[in-house]
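Chains as they are written, first to last, in numbering that gives the first Met the number 0: chain Y, 0 to 298; chain W, 0 to 234.
Rather than coming from a laboratory, the hints here were simulated on the basis of the structure.
Hints are not guaranteed to be accurate.
[Unchecked claim] Straight-line Cα separation of at most 25 Å, DSS-like style, residue types lysine-lysine; simulated pairs: (1) K198/Y / K257/Y; (2) K23/Y / K34/Y; (3) K58/W / K183/Y; (4) K58/W / K108/Y; (5) K59/Y / K160/Y; (6) K246/Y / K58/W; (7) K198/Y / K160/Y; (8) K133/Y / K52/Y; (9) K58/W / K101/Y; (10) K183/Y / K145/Y; (11) K183/Y / K160/Y; (12) K183/Y / K52/Y; (13) K175/Y / K108/Y; (14) K223/W / K196/W; (15) K239/Y / K58/W; (16) K198/Y / K175/Y; (17) K175/Y / K174/W; (18) K149/Y / K133/Y.
Quantities reported herein were computed from a predicted structural model and do not represent experimental measurements.
Residues per chain are reported as follows:
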Amino acid sequence: MDTNEYLQSVLSGQSLGDDSAELKELQTQRAVVEKLIRENFGAVPIIRYGGSKAKGTIIKEYYDLDIVCYLPSNSDAAGTTLQEIYENVRNCLNKGYIVEEKTSALRLKGNAADNYMRDFHIDVVPGRFIDEDKSDCFIHQNGADKCRLKTNLDVHISHVKDCGVVDAIRLLKLWKTRKGIRVKQFVFELLIIDLIDGKKAKPLSEQLMHVWEEISASSDPIHVEDPANPSGNDLADVMKSAWPALKSEATNTLNTIKWSGWEAVFGTVSASKSATVAEKAQRASAFVNTPNKPWCPRG
Amino acid sequence: MKAPWYERNTRLLEATRTELTAQYPDLRVVIEHGTVHIRGSFPVMDGAEVMDRFLIEIKFPFDYPESIPVLREVGGRIPWHEDRHVIPGNGEACPIVPEEWLIRPDHDSVLAFLNGPVRNFFLGQILVESGQPWPFGERSHGLPGLIEAYGEILGTFDEHALRRYLDCLSKEALKGHWECPCGSTKRLRDCHLNEVKSLRERILPRVAQQALNRLDELSARQRKNTTHPTSRRIE
Numbered sequence: 000m001d002t003n004e005y006l007q008s009v010l011s012g013q014s015l016g017d018d019s020a021e022l023k024e025l026q027t028q029r030a031v032v033e034k035l036i037r038e039n040f041g042a043v044p045i046i047r048y049g050g051s052k053a054k055g056t057i058i059k060e061y062y063d064l065d066i067v068c069y070l071p072s073n074s075d076a077a078g079t080t081l082q083e084i085y086e087n088v089r090n091c092l093n094k095g096y097i098v099e100e101k102t103s104a105l106r107l108k109g110n111a112a113d114n115y116m117r118d119f120h121i122d123v124v125p126g127r128f129i130d131e132d133k134s135d136c137f138i139h140q141n142g143a144d145k146c147r148l149k150t151n152l153d154v155h156i157s158h159v160k161d162c163g164v165v166d167a168i169r170l171l172k173l174w175k176t177r178k179g180i181r182v183k184q185f186v187f188e189l190l191i192i193d194l195i196d197g198k199k200a201k202p203l204s205e206q207l208m209h210v211w212e213e214i215s216a217s218s219d220p221i222h223v224e225d226p227a228n229p230s231g232n233d234l235a236d237v238m239k240s241a242w243p244a245l246k247s248e249a250t251n252t253l254n255t256i257k258w259s260g261w262e263a264v265f266g267t268v269s270a271s272k273s274a275t276v277a278e279k280a281q282r283a284s285a286f287v288n289t290p291n292k293p294w295c296p297r298g
Numbered sequence: 000m001k002a003p004w005y006e007r008n009t010r011l012l013e014a015t016r017t018e019l020t021a022q023y024p025d026l027r028v029v030i031e032h033g034t035v036h037i038r039g040s041f042p043v044m045d046g047a048e049v050m051d052r053f054l055i056e057i058k059f060p061f062d063y064p065e066s067i068p069v070l071r072e073v074g075g076r077i078p079w080h081e082d083r084h085v086i087p088g089n090g091e092a093c094p095i096v097p098e099e100w101l102i103r104p105d106h107d108s109v110l111a112f113l114n115g116p117v118r119n120f121f122l123g124q125i126l127v128e129s130g131q132p133w134p135f136g137e138r139s140h141g142l143p144g145l146i147e148a149y150g151e152i153l154g155t156f157d158e159h160a161l162r163r164y165l166d167c168l169s170k171e172a173l174k175g176h177w178e179c180p181c182g183s184t185k186r187l188r189d190c191h192l193n194e195v196k197s198l199r200e201r202i203l204p205r206v207a208q209q210a211l212n213r214l215d216e217l218s219a220r221q222r223k224n225t226t227h228p229t230s231r232r233i234e
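Turn these sequences into a full structure, and let the hints guide you.
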């Protein structure tokens, strides 16, 4: 297996089929979310998939689902101001979930005893279309300098989906996830697309190496623009805060590949699918030299 | 003011980084707001194969390695529930009773922590997710679990005797004329002196004192909950 075949195998292992348990659960939760929204605001809100599901960049190791809930420009079914819409959608989702407020999105977590604070990997983004075209949209920005932001879901989706480097994005998302680097996924995707532009015809391994080399070589954060709002959405701060970790890990990764090869970065690809993870865990437990019991101070 | 551990013990920080790079290349050390964290994807290994992964954050206490690092699963996969050994109020995982860890000779090795309690914890989570029991059993919640753990270390499950042993072990020096902590009312030199000496080789006075403080804290909480059952809440 050459490097590019190996990287494709890594990607295959990260695929989530339509019949996968993870996607089925996301779809179940989406139905719950939609029901809550419809019960509160009727048929008016437009509910659509966004995020990695829509862009084709989903990976098994860290999957999430963005659900946009946009109101028509002339509707006040969920409130008159953007902040009211954000708060009213939050209150409605609070009936079924613990809702964690992010800048523009509402992150849904379990509120029952058996799933308390379990992350469903679902972000609901409330907003309102700017006009009757139902294309550009304003979303509320909680606690930010600018309280509203112009965005466009279709522009974001097509910018990534049609960029021609989705495989590289998925692998670099896996890399970012495993390294625990905290940078907004969309901003990271914009960076990758910009860096690989002009190298789309190159093999996947060269695309990845190029991204890491560029990040590693740049002492200052690389500038990226939001294609849906180039002048109004300043991403400099997001990139600046993540840059030291990105740069350091890109440098480490290049060294790892040089001295230990690609498997040291993305791991071995398992050929055997005979045992389930639980069966493997059961077997591995039997070989633990120093077992210990978990505890909980509460209870 | 005392400097944080990584400034007092730069060698330990360096050893931590080196150990991680060698065995867990996806985990990285981050110093943020004066606190050392480990962040990234923790691979649960089955031989040379990764069987599963969990996104984790480990926060090192100010006085590390005298206190146990705090583990959190940050991918949102594990519910915050006592039965999953995650504190509902803050999401902290409880892979082991802290003093059980602190008496281990390798308690200052991050690799030992990851390969031991952390791996065991996630092996257990994988099994519990599939409806199976914890592979090595689990401690009772709260004070009873503490008594089980300390009891296994000290050889008695009587809370009063445990307190006497821990009190005795928390002193800097032993005196033969003290009353034996076993409860016999004999002098220590005429009763369990050798056993207590042997325990002292494993359990440092500060760890014994920490265990005593934890017993006090949980006893007080239990009394409060018994007196005011309606005041119990998820913290």
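Comparing the hints with the structure gives:
no.: 1; hint: K198/Y / K257/Y; result: holds, 21 Å
no.: 2; hint: K23/Y / K34/Y; result: holds, 17 Å
no.: 3; hint: K58/W / K183/Y; result: holds, 22 Å
no.: 4; hint: K58/W / K108/Y; result: holds, 23 Å
no.: 5; hint: K59/Y / K160/Y; result: holds, 18 Å
no.: 6; hint: K246/Y / K58/W; result: holds, 23 Å
no.: 7; hint: K198/Y / K160/Y; result: holds, 17 Å
no.: 8; hint: K133/Y / K52/Y; result: holds, 21 Å
no.: 9; hint: K58/W / K101/Y; result: holds, 23 Å
no.: 10; hint: K183/Y / K145/Y; result: holds, 18 Å
no.: 11; hint: K183/Y / K160/Y; result: holds, 17 Å
no.: 12; hint: K183/Y / K52/Y; result: holds, 16 Å
no.: 13; hint: K175/Y / K108/Y; result: holds, 23 Å
no.: 14; hint: K223/W / K196/W; result: violated, 36 Å
no.: 15; hint: K239/Y / K58/W; result: holds, 24 Å
no.: 16; hint: K198/Y / K175/Y; result: holds, 21 Å
no.: 17; hint: K175/Y / K174/W; result: violated, 58 Å
no.: 18; hint: K149/Y / K133/Y; result: holds, 13 Å
The structure shown violates the earlier hints numbered 14 and 17.
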